[in-house]
Structures are given as structure tokens and as C-alpha cells.
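J.: Based on the hints, put chain B in the right spot on chain A.
Heads up: the sequence lines are chains A and B, in that order. Plus 390 on top of the position in the first sequence (first one is 1) and you've got the working numbering. Plus 4 on top of the position in the second sequence (first one is 1) and you've got the working numbering.
Treat the hints with care, as some may be off.
With the Cβ distance kept under 8 Å, some of the chain A side facing chain B (calculated, not the full set) [claimed, not checked]:
| # | residue |
| --- | --- |
| 1 | V419 |
| 2 | G422 |
| 3 | D447 |
| 4 | F453 |
| 5 | A454 |
| 6 | T487 |
| 7 | T494 |
| 8 | A498 |
| 9 | T505 |
| 10 | L601 |
| 11 | G602 |
| 12 | A605 |
| 13 | W641 |
| 14 | S645 |
| 15 | P647 |
| 16 | T657 |
Hints listed in this document are in silico derivations from the structure and should not be mistaken for laboratory results. Glycine is no exception: its CB is placed at the ideal position from the N, C-alpha and C atoms.
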Amino acid sequence: MLSQEYMRNALLAGSFIALACGVCGWFVVLRGQVFAGDALSHVAFPGALAAAAAGLDQRVGLFAATIAAGGAIALLGRGALTSRGGRAAGVEPADDTTIGVLFTFVLALGVFFLTRFSLGSGGSAGIQAAHTLFGSVFGLGAGEARLAAIIAAAVLLAVLAIGRPLLFASVAPDIAGARGVPTRLLGIAFLALLGVVAAEASQALGALLLLGLLAGPAAAAQRLLAGTAASIALAAGLALASMWGGLALAWAVPSLPPSSAVIAIATAIYLLARVPGLRGGGAHR
Amino acid sequence: MPAEGANPTLTWNLAHDISQVLEYHFMINALLAGSAVAVLAGLIGWMMLVRREAFAGHTLALMAFPGASAAALAGVAAAWGYLTFCVAGALAIARLPGGARGSWREEAAGVGVVQALALALGFLFVSLYGGVLGDLEGLLFGNLLGVSDGQVLELVVVGLAVTAVLAAIARPLLLSSVDPEGAAARGLPVGALSSGFLLLLGLAVAATSQVTGPLLVFSLLVMPAASAQAITSRPAPALAASVAIGLVVVWLGLAVSYFSVYPPGFWITVVAFAVYLLSRLVAGASAGRRRRGVATGTSGLRAPAASRAA
Numbered sequence: 391m392l393s394q395e396y397m398r399n400a401l402l403a404g405s406f407i408a409l410a411c412g413v414c415g416w417f418v419v420l421r422g423q424v425f426a427g428d429a430l431s432h433v434a435f436p437g438a439l440a441a442a443a444a445g446l447d448q449r450v451g452l453f454a455a456t457i458a459a460g461g462a463i464a465l466l467g468r469g470a471l472t473s474r475g476g477r478a479a480g481v482e483p484a485d486d487t488t489i490g491v492l493f494t495f496v497l498a499l500g501v502f503f504l505t506r507f508s509l510g511s512g513g514s515a516g517i518q519a520a521h522t523l524f525g526s527v528f529g530l531g532a533g534e535a536r537l538a539a540i541i542a543a544a545v546l547l548a549v550l551a552i553g554r555p556l557l558f559a560s561v562a563p564d565i566a567g568a569r570g571v572p573t574r575l576l577g578i579a580f581l582a583l584l585g586v587v588a589a590e591a592s593q594a595l596g597a598l599l600l601l602g603l604l605a606g607p608a609a610a611a612q613r614l615l616a617g618t619a620a621s622i623a624l625a626a627g628l629a630l631a632s633m634w635g636g637l638a639l640a641w642a643v644p645s646l647p648p649s650s651a652v653i654a655i656a657t658a659i660y661l662l663a664r665v666p667g668l669r670g671g672g673a674h675r
Numbered sequence: 005m006p007a008e009g010a011n012p013t014l015t016w017n018l019a020h021d022i023s024q025v026l027e028y029h030f031m032i033n034a035l036l037a038g039s040a041v042a043v044l045a046g047l048i049g050w051m052m053l054v055r056r057e058a059f060a061g062h063t064l065a066l067m068a069f070p071g072a073s074a075a076a077l078a079g080v081a082a083a084w085g086y087l088t089f090c091v092a093g094a095l096a097i098a099r100l101p102g103g104a105r106g107s108w109r110e111e112a113a114g115v116g117v118v119q120a121l122a123l124a125l126g127f128l129f130v131s132l133y134g135g136v137l138g139d140l141e142g143l144l145f146g147n148l149l150g151v152s153d154g155q156v157l158e159l160v161v162v163g164l165a166v167t168a169v170l171a172a173i174a175r176p177l178l179l180s181s182v183d184p185e186g187a188a189a190r191g192l193p194v195g196a197l198s199s200g201f202l203l204l205l206g207l208a209v210a211a212t213s214q215v216t217g218p219l220l221v222f223s224l225l226v227m228p229a230a231s232a233q234a235i236t237s238r239p240a241p242a243l244a245a246s247v248a249i250g251l252v253v254v255w256l257g258l259a260v261s262y263f264s265v266y267p268p269g270f271w272i273t274v275v276a277f278a279v280y281l282l283s284r285l286v287a288g289a290s291a292g293r294r295r296r297g298v299a300t301g302t303s304g305l306r307a308p309a310a311s312r313a314a
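Excised from the complex, chain B in its bound form:
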């Protein structure tokens, strides 16, 4: 969606197209912000999938809605609303019964209740505020094309901080995700790590969903990481692949949206979905080839399953 006046057309000259995309400051900011989000989401999203917490991640992403509407109602900056609700949501989910795999059912039901309550609150705040949900598209998929310089800086800072914390706790967190009993036996604080990860996820989502909207955050959390999981089960290459796929997806999606009437959130998700399908196909083909040679395990190549087999 280009600015008024400009009427970009796609030509066969790739260099010309790229220079067209980079002509405007808002596009450069969108690319920078999108890249920061892609790196952050690629790292934390892979961990989220390994821990099988996609549902919790989705719920935390949706906290943006009550957050934004509460902030509008209270008349404070939206960032405070996002932060409060995401942290509160993370703490609520962390306090749910179980957490260990045994009681997944109860935990999932609890996450569902948290999510429904948060959205109901958001709806209440909106109707108390008296506003209409006018810009629904912006609410769901954010406005990547309206990012300010300050927001870009903020995203980069939050991204670096969350990445640093994640790197610091990565090894014990991975161990306690893949094998909670073994990690507990080794004296690792499994419960604290689990709550800590949810808080980290909440903070990351709070920082990014102001710019990208709750749905685009979630698609960047889950899709590149799922593609990376399909390609490889080893942690380090999978993390690298997840980040790389996220970056490519964001850049391609933004570039395509520049030449189209449909918003960037839509294009980024579509490109990410295509990459996911492609990687599932490739993984399925190579797993089929291997199965013909030696009988191996599942074709999902999920990290826990693979490390159990090793």
C-alpha cells in the first residue's frame, strides 16, 4: 500500500523494483522493524514449538487487544496496556495447574479460559470507550507501514534484550523442555524456567504486537519455526533456519505488498505459509527416501522425538 501520489508498478527490471521499494522512508522503517521482529520471533518461536506452547503463545499475542483497549479507556500510552496484559497473561498461564505433560488437557482448558476472558474484557473496554472497532485490519495485523524511528529503535532494543536472556537460559530451558523429569532430577528449576519462558514470550509479544498486530506476531512466531522444525531437528541449525526463513518471509511479504492493495500482514503470512508447505514437502520426500533405506522414526522430525531416539 504505497503513499498517495506514488503509483508503483512492477517491472521486469529487478534492480529498479527494489530501488522503488526503498524509495520511501516508511518502507525502510517497515523493513527494519520487520527484520527485528523476524529475528526475535524466529528464536523464541522455535522454543515455543519445542515446548508445545503454541496455544499459550497465541493467547499471549491476543492480549494485545484488551491491552490496547484498556489503555485507550484509561488514557495512557498503549505500550503500558500491552505490557500489563501480556505480563498478567503470562503469569496467569504459568500459574495454571500442571505444566508437566501429564495434565496437558487441564492446562489447555485453562489457557482457553484465560484467552476468552481477556478478549471479553477487551470487548467490554471497547464498548465502554464508546468507540467502534473501526480499523479491524490494523487491530489484527498491525500497521507495519506506519512505524516511527523511535519504534524501530525500541524494537531493536527489546529484541536484543530478549535474545540475550534467551541465550543465557537456552541450555537448561531446552533440557527442561525436552525431558522435564531428567532436568528436575539434575536439580534444574523446571517450574521457574517454564514461568520465565512464558514471561519472556509475553514481553516479546507485548513489544512487537504494537507494531505488527497480534496475528502477524503469531504467524511470525509459528510459521518460520515450524518450517525450520520440518527441515532439521538439531537445535542450532533449526534456530538459524528459523531466523533466516523469518527474514526472507518478511522482506518478500513487504516487497510484494508495496505493489498490491492488500496489506503487508496478509502477504507476509501467505509467503510464510508457502514456505511452510514447501519445507513439509521437502521433509516428507527426504523422510520417505530414508525410510526406504533404514526404518526410522516419525517423519515429523520434532526435536523431542529426535533427541529421545538419539
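Bound-form chain A, shown alone:
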């Protein structure tokens, strides 16, 4: 299996993307921002199409769109963290109406760019769009795979660097704010980092499927382990296991698309973690 170059590239990029998704996803689930993560991953699609319509490298569009959307959601949504008007902190999601409205509009822009793009360039638009939506991890070149690994590792380090204050701000926003932790800034920085992960992962997993790798392993880990560090490590490990298992499965069964296989394993892990009796301790409250 490892003798194929495309497989080695896929494993290199996939492993680091899975680690970044696992760790970021742990915070996403903790902060109740799964819908925001969903929106960010969908926004990757119009971003890539806009870049294609403008004749730029699609990665430029991917990163610009997801980082901008992350910032916009953090700024516009009242946020799960800023508990104003007596809302219980952390219990309610970051303003789901705002997120829903915003990303539907951005997806409509994606259709606009798709129309523009296909008016200009024959029939390749549909295939290009399908790649953006569902990814093509087996199609990554060596350079792309290395770049993906480096970016994912950098995001991983950045999240771990802000991990302690971010955790504090997520679990007890009021106390963190009173102690001088910049909770709002942390929220914006985190969503921007999540945007980078979404852009990177959507090349391998696809804009529509990335959510499974963000939410599944992290939710399973939070259900299984109560300790913070152990739970984060478990989330990263489970994401990695989903990625490796999925890639191996897709290699063994050629008709199975790799992104579908990865998500299938992530879902299976999540379902297993929900089996009663496996639960080690309460999730973070």
C-alpha cells in the first residue's frame, strides 16, 4: 500500500489534517460552535469557485473565504461566550440564525461564481466544483501534501499555544473576562484558525464532509474521558485513526471514495462512544 506515491502523499497530508481537525474539533464541540464549523467548511466552496472565476489559484480563494467567514461569524454573532442580557453562558449556540443566513448567502454567491466560471470555460466547472465539495485526497501531489502538512502542523501549534486561555474562556467566560483574559479576541482568533483548518482540509476531505472529522472524534473523546489533556489527545488520536482507517479502506475497496470511508469510520467511532457503560466521566461543563 505504501509503495504508491499517491498513497504516501495522502497519508502525509491526511495525518496532519486529521490531527488539526481532532484538536480544533475538541474546542469546537466544547464551545458549542459545530454549526459555525459547518458554515466555515461550506464557505470553502464559494471561495474556491470565486478564485477559479477570477483565474487565481483556488487555494487563495479557499483561505481568504474561510478566514473572512470565521472573523465575520465571530464578530456578528453574539457568540456563545459573550453572555449579554442574562443568557446562560456556553449553553446556547453562537447565534445560529446569523450563521444560517450568512452562509446561505455565501453559498448563493458560490452558484453565482459557478455560473460565471462555466460561462467562461466549457465543462470543467462541474468537475472542479465536485472536487471542492468532496475532496480528492488521492489526487494530491507531493508538494501539495507537504504544504498541507506544514499548514496543519502550524495550526495545531497555534491552537495548543492559545489552548489554556481558550479553555478558560470557553468553560467560564465571565470569570476569564474578569481575570483579564481577552475572551472576545480569543473567540475571533479561534474561528480564524478554524477557517485555516477548513480551507486546508477541504482540499483533502471536501467542503461538505469535513464536519464529520471535526465533530465525530471530538464528541466521542469528550464523552469517554473527563480529563482535559487526555480528552484532547484522545480526540486527535481518534481523528487520526479515522483518517488512516478510511484511507486503508478506500485503498482496499477501489469503488469506495476515500472521504466517504473516513467519515464512515468517524461516525462509527462516535456511535461506539455513545454505547452506555463506556463512558468514563462527565463531559466538560
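T.: The following block gives chain B in isolation, referenced to the frame of chain A:
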């Protein structure tokens, strides 16, 4: 996107423009189908936002993709695929842990997993079928301009049925959405109402997304209702406003798309977004005026918050 041969141009004569739009049968069908969807989505979308289930609604809307591809693979009518996957998705989400506000995080993670799995299945079915995702635009935003007479009738029937059920359970559903503990204390079946609403949402989405595509359904579910929420917090006027905004948005979007190369789904969403921004601005201005007078609560004017204050 007009039929071949016709080359409509926008003139300053409004009556002439309108008669141009109504010249073709497919435009009339599109207007009828769009209106039925707007009414249905306006009602059920407002309830969805009050219950803070936009994420679940989005996930159910996306069930159209695995539904359509599974039906193509199995060689049955697409409607069966839509129906099966939407109902299965609604049941899966209803069975997720929590549901009460306390465990929103876990529920959201579960909804995310359901959505990713459904899309992964859809992708698998497409590649097993051997087809390419050729008509992506149609997949996402449907084909309002190709609605048959039978589909219009079907939409109207489903719309009436769902509206009737919604009207029947509206009061207990609203109470259990706004104040679940209080509703449970009064002996209302909060869990059953919640599952029932998700099923209703699933059925509505299954019926409409064949015509409008999953994304346009969702934008019609969320945008008019969000605009209505910004304008007023009282249920009856908000529902009326949501339906009215939905109708205006669909009509305007279809009319504009007739004169443009871009598809109706795009224009309807753009008009809806503009209305949303406008209503947020108006609501923000009037809330600012009120705050200068008396110190009131949040500017969001969301129904739960408002009824808690009352």
C-alpha cells in the same frame, strides 16, 4: 433564464415587463411552486428559529443529496429517496441525547455527525452509480423553472397538510419551545412534540427540495423567518410577516432571474438577504430609539427572550 428563442429585455414599462414574465407556462408554474414553498417555509422556518434548530434544519435539507443519489442508484423515483432520507434523518436527530437546552453542545455535535454521514453516503452512492456530479447548480439550488403541473399540485397538497398539522400543534409546540420545563410541568409531551416537529420539518423539506434544491429550501426557511423575528417578537404577526416576506422574495427573485443569466435560486437568496439586512437595520434603529427612552432588553427581539421578559 428564459427559453431558447425568447430574448427578454427589461424596459421601463412595468406592466409590459410583468406580462413578459407571465408569458410562459413554466414561469407560471415556477411562481405557483415558489409561492407554495414560501408559505410552507415561512411558517415552519419561524418555528425552527424559535426552537433554535437551524442546524438541524440545514442538515435535513442536505438529506436531499443522499436521497436523490440513492434513488438513482436503486432505480426508483427520486421522491422515495428524498422521503426516506429526510424521515430517517429527522428520527436520528430526534434520538440524539439531550434536546433540552442544557446539552446543546452534545446535540450539535451529533447533528454534525449525522450530516457528515449523510453527505458521505450520498457521495458514495454517486460514485457507485458512476455518474459525475454534472448539474451541481441544479443539485444545490434545484430547478424552479422546470416544475411540472403535477409537482405544483403535489407541493400545494403537502403544504396544506403540513400547515394543518402545524396549526393543530402550534400552541403546545410554542410553549414547549419557549419554556420546556414549564411545558413539562403542565403535562405536555415535550419529547414527542420535539420529535414530531422534526418529522414535520423533514417531510416539508423532502417535499420541497425536489423542486427547489436543498440550499434554496434552507434559505427560504431561515431568511424570511429571521427577518420577521427582527421586526416583531409576537408570534402571530411574526408568522404573517415571515410568510409575506417569503412570497415577496420568491416573486421578486423569479422575476429578476427571468431577465438574467444567473439562476433563480441565486436571485431569491440575494433578495432574501437584502430584506434580512434591511429588517436588521430597521430593528436596530427602533431598538436604539427605545433604549434612549427606557432601558429595555436585548435588541435581538427573539421570541423566547421577549416572552421571558413579559
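J.: Which numbered hints are broken by the structure, listed smallest first?
T.: 3, 4, 5, 13
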